[in-house]
Amino acid sequence: MILNLKHIAKNFGEIEVLKDINVDLKEGEILTILGASGSGKSTILNLIAGFEKPDYGSINIYGKDTRQKEPHERNVGFVFQNYALFPHLNVFKNISFGIGKIDISKQTLQVEKLLKLTGLQGCEKRYPHELSGGQQQRVALARTLATNPKLILFDEAFSNVDAILKSKIQKELISIIKRSRVSAVFVTHDSKEALSISDKIAYLKDGKVSQFSTPKDIYNKPSSKSVGHFFGKANFIEKAGKNYCVRPEECIIKKSGKHKGLITNISYHGERQEVELDFKYNEKEYKFITYVDKNFDLTNTKSLNFDIIWKNSNCMDIYTMQP
Amino acid sequence: MVILPIILIVFYGLGTDGENLQHLKDTVLLKYIGTTAKLLLFVSILSLIFGIGSAFIVTFYEFRFQKTYTIGLVLPFVIPAYILGFIYSDIFGYYSYLHIFLMDLGFKNYFDVLNFNTVSFVLALALYPYIYLMVRASFLKNANTLLRPALSLGMSKEKALFRVVLPLNRVAIVGGLSLVLMETISEYGVVSYYGVDTLSTAVFKSWFDMGDSGSASYISSIAMIFILVILLIEKFSQGRARYTAESASLPFEKIKLKGIKAFFVHTFLSIPLLFGFVLPFIWIVNYTFKYAKERIDEEFFIVILNSFVASAFASFIIIILAVILAYTYRLAPSIYTKYINKFASLGYSMPGAVVAIGIIILFADFDHYLIENFGFKELLLSGTLFALVFGYVVRFLAVGLSSVLSSFEKVELNINKASRNLGKTPLQTLFQIELPLLKNSLIIAYILVFIDTIKELPLTLILRPFNYETLATKTYELAINEMVQESAVYAFCIILICFIPIIFNLKDHK
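Protein chains in written order, with this note's numbering: chain A, 1165 to 1487; chain B, 1128 to 1637.
The hints are simulated quantities; they were obtained by calculation from the structure and are not laboratory data.
The beta-carbon is built from N, C-alpha and C at its ideal position, and this holds for glycine as well.
Hints may contain errors.
Distance condition first, Cα-Cα at most 27 Å in a straight line; then the derived BS3-like pairs of lysine-lysine [unchecked claim]:
id	chain 1	residue 1	chain 2	residue 2
1	B	K1566	A	K1257
2	A	K1233	B	K1465
3	B	K1537	A	K1289
4	B	K1566	A	K1289
5	A	K1265	B	K1566
6	A	K1217	B	K1469
7	B	K1465	A	K1217
8	B	K1284	B	K1385
9	B	K1537	A	K1217
10	A	K1444	A	K1418
11	A	K1369	A	K1397
Incomplete in silico selection of chain B near chain A, CB under 7 Å [said to hold, decoys possible]:
id	residue
12	P1276
13	I1451
14	K1544
Just chain A, with the same shape it has in the complex (with noise of 0.2 Å):
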């Protein structure tokens, strides 16, 4: 186990940040911590960093306790939010500042071989004001590679990226993290980010892990409805004692569908248009979210037919909302 967080408690004077949490991480996986903003997510990586320490609980980090270890002890990497280059240092300076003890020879064949694997070659001598966010991005994760962490940290990582280039330069950095066989922990608060690039996702509420599972798991069977709403739109009903999740897309517009709503507002995406529907199911009344075809003409339409995809992995129990 590379990362493993045993009943963490912090408090910040009177208020609880964060409340037991427990979180592991293997060896090679990307862990994404999800949150809103103030809801602890940055501590946590604070923690595992060193930053702050723990009011309760154990951090190990490779197998060890890291209660008596400072941050530079840890030999944990770390990317911060905007980066915080050396603004001082040129890029190869920046990249060598972690390994200065090395002699200069290894040091240069070490920052070359980075600067390769970042795609940052002919960079080595800008300073950091002249590079673009997604170089300057690149040289901090190349700062931090140099040093050999097996275990690398990111704080909100894609947040300064303009949004057309962000999914290119997620590609870009998971491709390195993959290839340098490292884990790493990110730290975001894009639902969409978490399950593009995560192995595990914690999802974090109050200071609290909601729920700790797979993506997959994540997205399709949220243990509570405050989940199930943040990775996505997500309409819930009861069906034989259970609570099913039952996301936009799994209601299908069909003429000949089961089910018949009333629309009660529509409104247009560009590559879909979402319809909200007001319908009925074993007496009960429901409001319902379902995705239509954008060149579906709605025009004087008051009601549709639809029908249900009901996934048993869907279902929570009714009444606890617990898998």
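We have chain A; now place chain B onto it with these hints.
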């Protein structure tokens, strides 16, 4: 160590019950307290008029030379109050050209300028820039944010300025005023020269004339009560108000002034500028040239060297201490580190004479302890350069600390974290990352502290080694020995040094 002298003052002050003190209490102490309170009131009123009035006009109105006034109104800062006082006694005194000229015209009544009102006016001229700078910065920040809602509610621009913007900058006004008041309590040069007896002169009298450290401490404690009240009022005003805008305002559309209104504005602004800077500066330059040959001798260079040695050494220690305190706070911000910094800054709010008496008591106790217990034959610390440097450190650590703290704030904390995360210890991070990034800010902080120590008069007068003259003490001594015009040569050096931060600021503006 830094707050020990202040604690000792209170301790000694409370424990004193000698004959001298009883005599002081029976005769003049109440008068000293009354005069100090009256001086504080007069200086407050005048400096508020100059400070708020000028800040308000240059921020919200447009007229000819408005930009020149904006910069020019800061310039009185470069002339310390005591030098300003000496100059006005020379310009308007009994033997001044002006007086002789008036007598030649048949004007027979002697008009005495060496009085309380002139002291109030001189102190207001020297100190109003504190209010001007703070209030102007606050106006610039808040003007539009506060003004737009008022205008949208149908208020006229001028009415909105007076009724909304002005009252809501209360925090800056009180902040500037409290600095003015603290400097006024601390002032020794002008008040003693003009024969106005305040608590500051009383501390000197009881120490130099009566050699009574107990009485000096007692009076110092009373001065500290004044300071405490000022600090509490400032704290109270800050605690209740959180009106500042979150971000900088958009440029404000100024009200154009012409005709009679512009004339009044020029008249108003030219009073502090003319009397606070232009006139005294011309006087100093004039007499510097007149007496340069006579006064620039070996002694002149020794005085400069003395000033530089004491100030450079003290500023160096202050910056090192400030970096240690600020970096500790940066790495471990907590209520404890915050209060350590507050206590370390306490000396700045105390009058120079009070700090000096505290240090004399501390070092005398220490020296006697060494003599009695370790067989030392003479005083080790009292009356040495070390005592003077220590005095500067206690008094001006706050100046260095606040500059260094704000410099650290400009470097984001993640840069420090990134370095430690890459395997560097906090100390390595300080030397390899933080200090190289802060180099320029630290130089500026050093210069600011250096200037304050160069200007400091009362503390230097009490703590300097025997016959050790600095620019401030020499200027003062020449002035009190009827050689005010000759003192211009030394005053000119002080003013030249005080110009440095103004030049830095102008560069920043560009």
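Results for each hint:
1. For the proposed pair K1566(B) and K1257(A), the alpha carbon gap of about 19 Å is at most 27 Å, so the pair holds.
2. For the hint linking K1233(A) to K1465(B), the alpha-carbon distance of about 26 Å falls within 27 Å, and the restraint holds.
3. Proximity of K1537(B) to K1289(A) is assessed by CA-CA distance (about 25 Å); at most 27 Å being required, the pair is judged to hold.
4. Taken as a hint, the K1566(B) and K1289(A) pair is honoured in the structure, with Cα atoms around 22 Å apart against an allowance of 27 Å.
5. Using a Cα cut-off of 27 Å, the hinted pair K1265(A) and K1566(B) holds, with the two alpha carbons roughly 25 Å apart.
6. With a CA separation close to 26 Å, the supplied pair K1217(A) and K1469(B) stays within the 27 Å bound.
7. In summary, the hint linking K1465(B) to K1217(A) is supported, as the alpha carbons are separated by about 20 Å, within the 27 Å threshold.
8. For the proposed pair K1284(B) and K1385(B), the alpha carbon gap of about 17 Å is at most 27 Å, so the pair holds.
9. Note on K1537(B) and K1217(A): the hinted pairing holds, with a Cα-Cα distance of about 25 Å set against a maximum of 27 Å.
10. Taking the CA atoms of K1444(A) and K1418(A), the gap is near 17 Å; set against the 27 Å cutoff, the hint holds.
11. With a C-alpha separation of about 18 Å, the suggested pair K1369(A) and K1397(A) falls inside the 27 Å cut-off, and the hint holds.
12. Taking 7 Å as the C-beta cut-off, the interface hint given for P1276(B) is violated, the closest approach to chain A being about 28 Å.
13. For I1451(B), the suggested interface contact is broken, since its CB lies about 19 Å from the closest CB of chain A, more than 7 Å.
14. Interface hint at K1544(B): satisfied, since its Cβ lies 6 Å from the closest Cβ of chain A, which is below the 7 Å cut-off.
When held up to the earlier numbered hints, the structure conflicts with 12, 13 and fits the remainder.
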